[in-house]
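Enquirer: Listed below, chain by chain, are the residues.
Protein chains: 6
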Amino acid sequence: MPHDPGAQAEVLIQAMPYIRRYRGKTVVIKYGGAAMVDESMRAGVMQDLVLLHYVGIQPILVHGGGPEINEAMGKFGKVPQFIQGLRVTDAETMEIVEMVLTGKTNKALVSEIHRQGGQAVGLSGKDGNMLVARKVEGEVDLGFVGEIVKVNPHVINAQIAAEYIPVISSVAVGDNGESYNVNADHVAGAIAVALKAEKLILLTDVPGVLSNKDDPQSLISVLTIAEAKKMIQNKKVDKGMTPKLDACLTAVNGGVDRAHILDGRMPHAILIEVFTDCGIGTMIRG
Amino acid sequence: MPHDPGAQAEVLIQAMPYIRRYRGKTVVIKYGGAAMVDESMRAGVMQDLVLLHYVGIQPILVHGGGPEINEAMGKFGKVPQFIQGLRVTDAETMEIVEMVLTGKTNKALVSEIHRQGGQAVGLSGKDGNMLVARKVEGEVDLGFVGEIVKVNPHVINAQIAAEYIPVISSVAVGDNGESYNVNADHVAGAIAVALKAEKLILLTDVPGVLSNKDDPQSLISVLTIAEAKKMIQNKKVDKGMTPKLDACLTAVNGGVDRAHILDGRMPHAILIEVFTDCGIGTMIRG
Amino acid sequence: MPHDPGAQAEVLIQAMPYIRRYRGKTVVIKYGGAAMVDESMRAGVMQDLVLLHYVGIQPILVHGGGPEINEAMGKFGKVPQFIQGLRVTDAETMEIVEMVLTGKTNKALVSEIHRQGGQAVGLSGKDGNMLVARKVEGEVDLGFVGEIVKVNPHVINAQIAAEYIPVISSVAVGDNGESYNVNADHVAGAIAVALKAEKLILLTDVPGVLSNKDDPQSLISVLTIAEAKKMIQNKKVDKGMTPKLDACLTAVNGGVDRAHILDGRMPHAILIEVFTDCGIGTMIRG
Amino acid sequence: MPHDPGAQAEVLIQAMPYIRRYRGKTVVIKYGGAAMVDESMRAGVMQDLVLLHYVGIQPILVHGGGPEINEAMGKFGKVPQFIQGLRVTDAETMEIVEMVLTGKTNKALVSEIHRQGGQAVGLSGKDGNMLVARKVEGEVDLGFVGEIVKVNPHVINAQIAAEYIPVISSVAVGDNGESYNVNADHVAGAIAVALKAEKLILLTDVPGVLSNKDDPQSLISVLTIAEAKKMIQNKKVDKGMTPKLDACLTAVNGGVDRAHILDGRMPHAILIEVFTDCGIGTMIRG
Amino acid sequence: MPHDPGAQAEVLIQAMPYIRRYRGKTVVIKYGGAAMVDESMRAGVMQDLVLLHYVGIQPILVHGGGPEINEAMGKFGKVPQFIQGLRVTDAETMEIVEMVLTGKTNKALVSEIHRQGGQAVGLSGKDGNMLVARKVEGEVDLGFVGEIVKVNPHVINAQIAAEYIPVISSVAVGDNGESYNVNADHVAGAIAVALKAEKLILLTDVPGVLSNKDDPQSLISVLTIAEAKKMIQNKKVDKGMTPKLDACLTAVNGGVDRAHILDGRMPHAILIEVFTDCGIGTMIRG
Amino acid sequence: MPHDPGAQAEVLIQAMPYIRRYRGKTVVIKYGGAAMVDESMRAGVMQDLVLLHYVGIQPILVHGGGPEINEAMGKFGKVPQFIQGLRVTDAETMEIVEMVLTGKTNKALVSEIHRQGGQAVGLSGKDGNMLVARKVEGEVDLGFVGEIVKVNPHVINAQIAAEYIPVISSVAVGDNGESYNVNADHVAGAIAVALKAEKLILLTDVPGVLSNKDDPQSLISVLTIAEAKKMIQNKKVDKGMTPKLDACLTAVNGGVDRAHILDGRMPHAILIEVFTDCGIGTMIRG
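Protein chains in written order, with the numbering used here: chain A, 14 to 299; chain B, 14 to 299; chain C, 14 to 299; chain D, 14 to 299; chain E, 14 to 299; chain F, 14 to 299.
Looking at chain A on its own, in the form it has when it is part of the complex:
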């Protein structure tokens, strides 16, 4: 980190072409998992969002939960149960999921953004009927696990118009007002399409998509839509990565210019991706 003011200035200057390119555009960022629990990492990611906002780029933060949900369930004396990577969500579990995501994680992110000098409003998919879902039907009844059927972006645009960074928890609402647990990667992809975002960034706990899922050195830098589809079909990607690739495909097919899967544990991964020519993680493009 340079202490020489001239060198500092030079770094700012080098960011200019990237600022020019993305000013006035929207970037949807999905955040979750282990990278979100670490306080210092979280502060770093929120700094990145606030800086984007300062230079005229509109960030939208979508988050899931994960560790915090299991922790809360534990306190409630419930044992998390998963079938094919999906959380079995009975009514009581759904209540805990919603309370943790919307009442704890969401507001913690909102507060952190304020602490970093930004302004944010936290929303769940119930606010303004933003995320409408239906029950996922399958061989096994997973309970209140849903899939997005409609995004109403008006409530998001209202926050943007008032100069806030929207922070959105992955809880959706059904036709009768019931809550659904929806995959946060999918939510991010659907919102990116609904808001005609320029970029979708999924922050995860791995370096990106690997050609050999057991070899962390086998990072793939760029994937076309066709290549990504093929990898999913050929089951070349592990379970955690599948919904992320799905979300990227949804986004890019829906008109988003580029989708990225980045390692959220790398400090300021968002800034490095947006403001330098240093390619990190995996980029999916049309």
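Think of the hints as simulated: they come from the structure by calculation, not from any bench.
Just so you know, not all the hints are guaranteed correct.
What the hints assert, rightly or not - Derived pair list, reagent style DSBU-like, types lysine-lysine, alpha-carbon separation capped at 35 Å:
id, chain 1, residue 1, chain 2, residue 2
1, E, K91, E, K163
2, D, K148, C, K91
3, E, K226, E, K249
4, E, K209, E, K148
5, A, K148, B, K91
6, B, K88, A, K91
7, A, K252, A, K91
8, F, K209, B, K163
9, C, K38, B, K209
Position chains B, C, D, E and F relative to chain A; hints supplied.
Expert: Below, chains B, C, D, E and F alone, put in the same frame as chain A:
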């Protein structure tokens, strides 16, 4: 309930002078306690809010929690503890309070408003730094119990401009981003002043202020500021009523035209208060 | 009429789905004949308009004259003359018609709306060149009897933008600035189309369209466009009803969702039609 | 009148300093009497208004009636009666006055403005509750003769915002919706003050204020407020001129820069007053 | 020039139909050559522009240089050199051209507009990247002589929105920020198309297009596009007129209603063309 | 200069508090002298301006000329003459000054801003009558040397509203439209006051204000108003620095928070001053 269309029309006509009087004005409504837990009562109150909104009156809903917090604490294996009517709120309790209020109660109210044909956005005092609080200092350390020091109304106005009914949970934020449990009656009073509301309505589980707290027939219909102050000083009101009277005094002293303490268990108490000449509950005025 | 506040509130609640359906929409109402002369009926109709306006529905009132014109002609020593139901309108008669409609009836309606708590502006078809007409040509020269050839809605929209209820007299203007007496039902139909109204309501002195014009019990509740055309062709409707059905057909063919012929003598017929599920009069739909 | 295009251009150029001075300003013009009855004079005055509007000056036309009222009363078989220059106005007379002013004269002026290439909307003092009056109390009961107690300019501003020339008849409304016959000069003066007009122009049938009311050569070009007051007190002006001087005093005392009494029979008197340095008529200034 | 106020008013009245026709429209005026050097002529042309602006017509002034450039080059000790009517423009010449056009002529016109009571902002094609050009390629290298490849009208519209008359010098910018000398007639034509102007007026030092270029009496009043093209192909027009006819064709083909070539030495030629029915110069139409 | 992306991101993060502080504020920058002639330095300064603009800070650039004027005068065969540091400016010299400043220097700066990815509009004090001056009167007649008597900021605000960086040459206009050569430091100070700027930055060719004008090591970092006044009175500053200190005093006395005299030859001096805590040059504060 009349089935005669002519009589129905006549009722609408009778509401006209009241609609005329309150169109374009803001009404802050505090909701909580037992009246909020009952599903059918809750549906009725939300209908009232939506109808106000339809006829051009801007409702703002502030809510606390109560029974649901105790229930959740029980599930977490914690025993609620109260000192002089205030909940002792250690860090873990605060987390539960926030999750329940913001992640459960708030969103249930938002969903109910949508089910009744309205549009709502749920907020906590952390969103847009809306409610800034400091720790209540006293002889006993109550933990994260706070009192409001500042209201930033911009985030509320953003929802109003986008034609939503704001629903606000009584969680505030401290200087370092920490959460505070604040009295929902006080929050409603402070917001009514900050938004220059025309009216503050506190829905409770009793008929209003009683001259003799043991005699439910001794309802006082109208109280001046001076009379209300005297009752508090003379400890003529019980503990639950004190913060309500405080909030009414804050509101009326801060420019709100009238404050009301109504029985939330009476069906459509808000409509009856706003749209008829039938005086119910207790009105506090300057 | 209920004196029980709870029942009154219940009636307001029952109106909610109808308010939701029509908020932000425009309703054109034609008013005239005997129902307009009776002061108490007139007050009731104006209350209905003001209430619509209060709940976010935009009423536009179009009126003719009738009895008042004959009365004024009598005072001027002129004998009204009709050929096939149309008033023979020489220059002096036209002057009387215009003075009565625009200078008397129109302003009396405007004043009544203010007395009922609304805000109105009275216009004739000459204002802002709103209604352009040409002479009706036929076997007999009827003088200044015209038919609408163009509606310029800008002047109506200006009043709406300023939150007034427009009240429009059925006088149109020719190419050389001369006045024309035009059928008020036709004016209402043409304005409903020009303003993309949701609904056209013609208030008349009979219960609606009758299948047997001599049997007041033979009211037809619903007519399709095809059925209405057939009735006109087969001369199943009497002379007064023909221009009303014509206007309804113009409206529905021009994109107005529904047109209604109601009995203006029934108290609050407009409210009953708009805010209840009680079908009154005759509805014409596509 | 020059046929030489160069000379025509030169005339336009000479008007420039006057256009610059009055652009964006409001000019209230009172019109009435004999000058209004003559068709060719009327066309000329309306041309002047339209030209003012074209060059960015906002004209507001206020008119009375006069000869046309008497004519209509005659047809109704009523004999006009005057006490001290004021028309005795019983209910029937008021009805005739209102019909003629609002239903005939007003719309004829609106039509003439359209014929001259402008856009106008005709209003009476009842529209938007614009002119509120109370009964003139005196020794003799004059009936519905009123004096202005309040001007609500919103309805005038709505027409201006929609780029119309407002044309206003001198009929006002009482507390109970009843009509009042008010002096049109007074109306013009009150409206000029309410709209913060730059100029008030009263068109009349004489050259201006005379120092010797029997000598048409004794025209006074400029009067200060003090001088005008003195003339009224000393009864140096005749009865027709008194309300005009009153209106001018009201206007100038109320902040209007200058008030003018001009001979409406002189072709294009308004243009000559506004666009040349040729002083005509009498100017009253502070 | 009439001193009779009535006759002056009459002239203003005669201009009304023309004002009505062009209000709210844009007129692009090219000015240059000898007519621009004469101070009195210049004052007259600027008066015309200001008067257009006063009556609601938006003028845009495009100018070249000519005599002043040669004079400046002489002072710099350089001899102007022309090949086929185009100035050979080496780097030093380009610098002189730009300084004279943008630093002297442009600001002199801006000042003159202010002196005539208007408000103006001077721009060159470099401001807001308004005029993008590329080098004219041909047999001989003419240096920095360019042709327009793109017009960015945003910077012009910004001045219009702020109620200024834009004054534009014919200097364009290349891809690397270098300056180009571009033909001012072409610039005017291209801007007229980009701004969807109603009219293009080219002021020159001859009466218009002549059918016999040696006979000043052989003025052609009207040319269709086809006729104008033919004249250029048949070399019936002299070298100075060719770019003017080109610009007119560009404009009319690009949607401009009419293009005019007028004698800028005739006093108030613009006013005569716009505000009278006196046809002067040559009009090109589709 | 770091090539490590993480270090680059860290630098961006360190700029955040400064961006937050100055977002939405205006900074007036005076540029001139030797630092402006060097192409590479100029590119660097323009980058700084564009980066400020990107992050929501509004820069306004004011420039003089200097070397380029002398060079042009030489080419015109004129010898620059100075009396007490002020250029003797006869009419011909004024013409050269204006052509160079407005037609050459100004547009070169505008082009450079575009090349660096910004959008700019160049103005002189004549545009929109922005800078009104009068002749400096003194013992010797200096010709067209003026001092600012009025700033009309509307034309600057129009460019800001259209998202341009205004670039302003130090040429002012007199009452009769004549040009005046005015000191660019003074212009910058006057504009900073008129636009209620947050900061004034004067870029010069020395490190700042020296306590001993012969010792470049004696830089003064901070000067209060009182200290700066004293230095001028005691003639402790040399002639080139006097107008700069004057301009700083004008600005700070007029409400500008801070004024800075920086060395324009230091790369990115503006960024270092605005975005780091590294104090460079001399700061004048109230």
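Enquirer: Just to be careful, I want the Cα atoms of K148 (chain D) and K91 (chain C) compared with a cutoff of 35 Å; is the pair within it?
Expert: Judged against 35 Å, a Cα distance of about 34 Å means the pair holds.
Enquirer: Would you check the hint for K38 (chain C) and K209 (chain B), treating anything up to 35 Å between C-alpha atoms as holding?
Expert: holds, 30 Å
Enquirer: Would you check the hint for K209 (chain F) and K163 (chain B), treating anything up to 35 Å between C-alpha atoms as holding?
Expert: Holds, because 29 Å separates the two Cα atoms, which is no more than 35 Å.
Enquirer: For the pair we were handed, K91 (chain E) and K163 (chain E), check the Cα-Cα distance against 35 Å.
Expert: Holds, at about 32 Å.
Enquirer: For the pair supplied as a hint, K148 (chain A) and K91 (chain B), confirm whether the alpha-carbon distance does not exceed 35 Å.
Expert: holds, 34 Å
Enquirer: Compare the distance between the alpha carbons of K209 (chain E) and K148 (chain E) with 35 Å, and conclude whether the hinted pair is satisfied.
Expert: The hint holds at about 26 Å.
Enquirer: For the pair supplied as a hint, K88 (chain B) and K91 (chain A), confirm whether the alpha-carbon distance does not exceed 35 Å.
Expert: Given pair K88 (chain B), K91 (chain A) holds - Cα atoms ~10 Å apart, limit 35 Å.
Enquirer: For K252 (chain A) and K91 (chain A), compute the direct alpha-carbon distance and say whether it is at most 35 Å.
Expert: Holds, because 24 Å separates the two Cα atoms, which is no more than 35 Å.
Enquirer: Keeping to a limit of 35 Å between CA atoms, is the pair of K226 (chain E) and K249 (chain E) held or broken?
Expert: The given pair, whose Cα atoms are some 7 Å apart, holds under the 35 Å limit.
Hint violations for this structure: none, all hints satisfied.
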